[in-house]
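Colleague: Sequence:
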Amino acid sequence: YRSEKEALELKNYVVDHYNINALAIKCDITNENDVKNMKNTILEKYNHIDILINNAAYACENYIDDKTKEEFLRVLEVNVVGTFLVTKYLYKIMEKGVIVNISSTDSIDTYSEISMDYSASKAAINNLTKTFALSFKNIKVIGVMPNWTNTESIQEMNQDYLKEEMKRIGQDKLEDPKDVSKNIIELIFNDDIKSGDIRRV
-2 YRSEKEALEL KNYVVDHYNI NALAIKCDIT NENDVKNMKN TILEKYNHID
48 ILINNAAYAC ENYIDDKTKE EFLRVLEVNV VGTFLVTKYL YKIMEKGVIV
98 NISSTDSIDT YSEISMDYSA SKAAINNLTK TFALSFKNIK VIGVMPNWTN
148 TESIQEMNQD YLKEEMKRIG QDKLEDPKDV SKNIIELIFN DDIKSGDIRR
198 V
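No gaps in the numbering here: position 93 of the sequence shown is 90 in the numbering used here, and each next residue is one more.
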């Protein structure tokens, strides 16, 4: 996590509502030492993991003439390099299991001119998904591509712009996060889904 308050609230919710053990670890996924420490903490407490979901993402929405090299690289560093680092270290404590990379429909057909770096990063996630699938023989690696989803960050963005973008790509309503999560869970446990598959959710 990056925000301690939200992470601890989620951890406590999981513990209280599902009566299971939960662990929250602060980690900057672009910092290799942070990722190594996260792996060691998980290994010490749980000995292994079964499912890894690479969900962290960053976007910087502005037009090409305003977008700086530093902004472009920051998006790639979080979305692509972060996914690479977390996978590189955590697959080593997975005897088998599933890795899920959260991509976006922006990677294939809902591009936006103010999010070219984000779209490029998600296309790279699709490529990493297929390459990881070739690399890991006992781990299923899949990619999922949600569309606009009703999250806190989406609620905070310019709603007129959001409506125009949804209209432009033909999306009638925001996806419900619970439905997206349910669909991802179904994909994880669906034996018909093969390693390297990338699906819309």
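Hints in this document: simulated from the structure, not taken from any laboratory.
Check the hints yourself; a few may be wrong.
Unchecked claim - Label pairs and their computed distance ranges (CB to CB):
hint : residue 1 : residue 2 : range
1    : SER132    : ASN59     : 29 to 39 Å
2    : ASN34     : LYS93     : 16 to 26 Å
3    : ASP157    : GLU41     : 45 to 55 Å
4    : THR146    : TYR10     : 15 to 25 Å
What the hints assert, rightly or not - In silico lysine to any residue, SDA-like type, Cα no more than 25 Å apart, as pairs:
hint : residue 1 : residue 2
5    : LYS36     : LEU7
6    : LYS36     : ALA53
7    : LYS2      : ILE151
Remember, predicted model here, so these are calculated numbers, not experimental data.
Yeah, the Cβ is synthetic: ideal placement off N, Cα and C, and Gly gets one too.
Colleague: Going through the earlier hints one by one, which of them does the structure break, listed in rising order?
Modeller: none
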